[in-house]
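Chemist: Sequence:
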Amino acid sequence: MSAAFLPVLPQDDVARAAQLIQQTYAPQTHPSSDDQRRLQQELYDIQRRPEAWGLVLPFLSNPDPNVQFFGAHTLQVKIARDWDSVPEDAAEQLQDMVLQLTGRAVTSGQNKVILRKLFVAITTLAMKLHPRHPSRWPDWLRESVAKLSSMGVSREPMLDFLAIVSEEISSADLLPPTKSQMQTTLNEAAPMVVEAISGCISQPPAHRSASELNSALKCLQAWMQVLPANQITPLIPQLLGLMVPTVESPPDYDEATFVGASDALQEVLSSSALADGMGPKTLTEPLLLWLDRYGGAIVQATVDGGFVDGVSHNLCKLLVALGDHSAMYFATNIAAPARVSHLVQTFLRLLLAYTALPGFYGADEEESEMTLGFWYLFQEALWNSDYGFDVAEDGDAGNEGEERERDMMPVAKAVYTELVSVLRRKVVWPTKATLATWTRDQRDKYQSYRREVGDTLINAYYVLKDDMLAFYVNDVMQRLATQREQDGWEEIEGTLHCVMAVQEAVPVEDSPHLRHLFGPDVLSRLPKAGDERVRRTALHFIGSFASWFTTQPSQVPGSPTASPLMNAITYVVSALPDPTLCLFAANALRDLCDANRTALAPHISAFGELHAGLTGIPDSEKAKVLQSIASVIQALPPAEEIPPVEAIVGPVVAKLFDALQGAAGLPDDARQLAVQQLETLTGVARGLTRVTDSLLALDESPDVQAAMQEMAAAREDPRVLKLREAILEGVRRLVDMWSTDATVSDALSDLFKAITALPSDVTLISLPAPPLLELVCVAAQKQLTAVWLTLTTMLIIQLNPPSLLPATFKQEPTPEAQEVARNVLSVLLQTVLTVFSQDGVMASNPDIVQAFFGCMDSFVHHFLHNFYRLPPDLFNALIQCATSALALQERYSLASTCTFLAAIINRTCITDDLGAGKTAFAQTHGAAIMRAVLFGFAGVAPRSVMQNLIELLSTMITRYPLESKQWITAILFADDFYPCRATTEAKNKFIKTVFGTRSIKRTRDAAQQFTLIARGLEGSNFGYATAT
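According to numbering that gives the first Met the number 0, the sequence shown holds residues 0 to 1027 in order.
Careful: at least some of the hints might be erroneous.
What the hints assert, rightly or not - Calculated pairs, PhoX-like style, for lysine-lysine (alpha carbon to alpha carbon, straight line, at most 20 Å):
1) K964 / K991
2) K917 / K964
3) K964 / K1000
4) K721 / K654
5) K431 / K527
6) K111 / K217
7) K316 / K217
8) K444 / K431
9) K988 / K1000
10) K988 / K964
11) K412 / K464
12) K178 / K127
Bear in mind the hints are in silico, worked out from the structure with no lab data behind them.
Given the sequences, and given the hints that come with them, work out the whole structure.
Modeler: Below you can see the structure in the form of structure tokens.
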């Protein structure tokens, strides 16, 4: 073995390094964590040195396995990371040395962990030598196998080596051409690998070792994505042969062999050339025949024994993998001729048996959840399956296919009927006594499982439709009919959970089954005290079906028979006083009232009584109840809304003033009380807002115009004016006192969003934008945050609301709106630019930067001229600030800056009366912006914002073509251009490409290519992968 190219270290240095390894990793030593980190760092520093190559031979000859491992690890690391230190003429010696060392390590019986490192080293060396032109190790894999074999390496470590070769090449981060060359070597070696695997697994059990078989199966899995279908197919019967019982009666399996073969077959089904439904005759049907013969006995033993052993667990995994692979086959053949349909139905029964395993998921078994995904795939396949009977050439209308589909649906419905029955049982919570023994993790796991079952039930609903609702309704009614006082409610809660889970799939139309559930037969018989879980589920159930009640006739006040809606309202209201259910009841009431405003409006007096009885409900939930009441009030004519709005809002405003007055004594309590009142006002404002699509909110139809006029008249009522003035005064005092508090600012933000509206959606308590903008400016001056800038963006749009009516020219904002916007812009710019002028503020507050330039972008689109009415120094400071922000490293703030600059340039250039502004902008700021963009390409800006910078570059070139060419040329060839790897040729090519085309795509491609060159990423895998 020639290793003359390796440095020779003094024996003392080698001994010192070995001693460090033994101190760090020897089991008899117990260094502290600090000492261990220090020793590891010292080892790492040694390994980084060029002389570390000299550690490989002495370390691999050391008797200590820890030292041997470090020697193998050093060899692999040096080849991977320090390849440039290997002399060009030493590659062949290194190749020979690595193979010799590996062969010796294998034949001397060294640890498999050490062998793995050496196998990785061989593969890494091949990835350095083989892909060259010409290749310096052309037939590396066959040569390696031949060399190792000649040194006496047996089949088991050879299979381990081949497995690692495939794994390393598959996961290597290589450029596509290099990856392709390495993949070709695998393809060429595939027959050799298959022969080695087949030779092992086809041996009689008495003539093979368990470890060798395990290596063969692991190797097969590693090569699965490489092997073509015709090389995999002959292995399938051999794999199935490994899964037969060693003793037929009662069946007894070699668990390790069974699990290994099952894992390999799962890999065939999911990751090979036979994946995605391929090979029905060579893969699916052989597996079904095996399942028909052996699967039932394994499942029965599992059910009888109440325990899922390793064989049964892997059978479940195999069933799931086969289901994922062959769902379309099962759907197509569920009603096929007897033999095939028998096999399909056997598979479905076996899978359903695992879905229905006795006990509770997470506590007694872990397999039932694995099967849930199949029922989604199977339902999709049933809907999309092609039964193979097109219209015949002789005019036959495909009757045979229709008959087969008619035969299929009853079978499919029978399967899904059994499934929904099974899943109903599986989601039932255990008794309180059993639940008390569960850990928190087990409860959370079971809760998550119930949610996943809910998703599966939706797929079952698509097959069964009303039959599924009928099944659950009958189930709950039968259980209620036989319910005894001492019985728990777990079974009924489970059924309600199942119905609730399919709500999103149930059409919003009248349903007799839902009428039963929400009528006196079911809902009225559920408990109204104690039994927290079933009551909580009932509240969720009512809230989830809130929109369904709109299909029911409205109940006339005073009617002796309650409608389903009023039944639901009654049940929900009864739960409000219960502290443990108040939150869920308030949410359900809010959803019901929001969806059924018109139907509930005649009952407004009953909601007045509800409001009067809210004394025992926490303020946090009272806000939702008041929102519910406000939703009902909104359905009244505007004039009739005034008394109830005054009744629910007045006390809230009064409490807000109480909190403000109490701030001196108990500031924390007062602030918390004030926040609660803000949240309540927010809820009321949302409730009073009509339920409309955002487009409908802009509707200018006669009906909407009439409603707007009615609302405008009602808003002028002295009582309403006084109420709005009180709200505004309370908010103003709150801003003066506590706007710097994060909780208060968030609550104010939510209120401002809820209590402002576009003209067609104004409510009695909606506040106009100008006074709120004044408050926002005051708050921003006290403490600049993204909250106030985001609110400014929203309110500026309301100063100049959009119109849905088509118009030739965009409607100009009113003079009053222009004046407000100008004042707000001036105050914000002075405030923000003062803050941003401090060192490091922009870099450390990217959320504020993003919100600020987003706000400026909104001004550009709605009040562009105000920028050019600012004092020139203030406007120039804004653009200079934006230009400097192009050097920030946070993606979203930089993207927001680019958007603002592109918008102001575009809109300035297309606005006829801003010609002077266009020219002045270019003269003052054009070169600086272009310089920032080009510096960004060269390396200043993160690569994630290249698209934003490219769009800004395209805008500059489009709007200032002649000037841009001069700017780019001067900047790129200036002595102070950002230090980068772009050559003169690359710069000239970039300029020529950008100005030789009007194509945005070519400009983008040129900018990306220039970026890669400037950053030294051209030809690298990172550059290749991240270029768009």
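Chemist: For which of the previously enumerated hints does the structure constitute a violation, in increasing order of number?
Modeler: none
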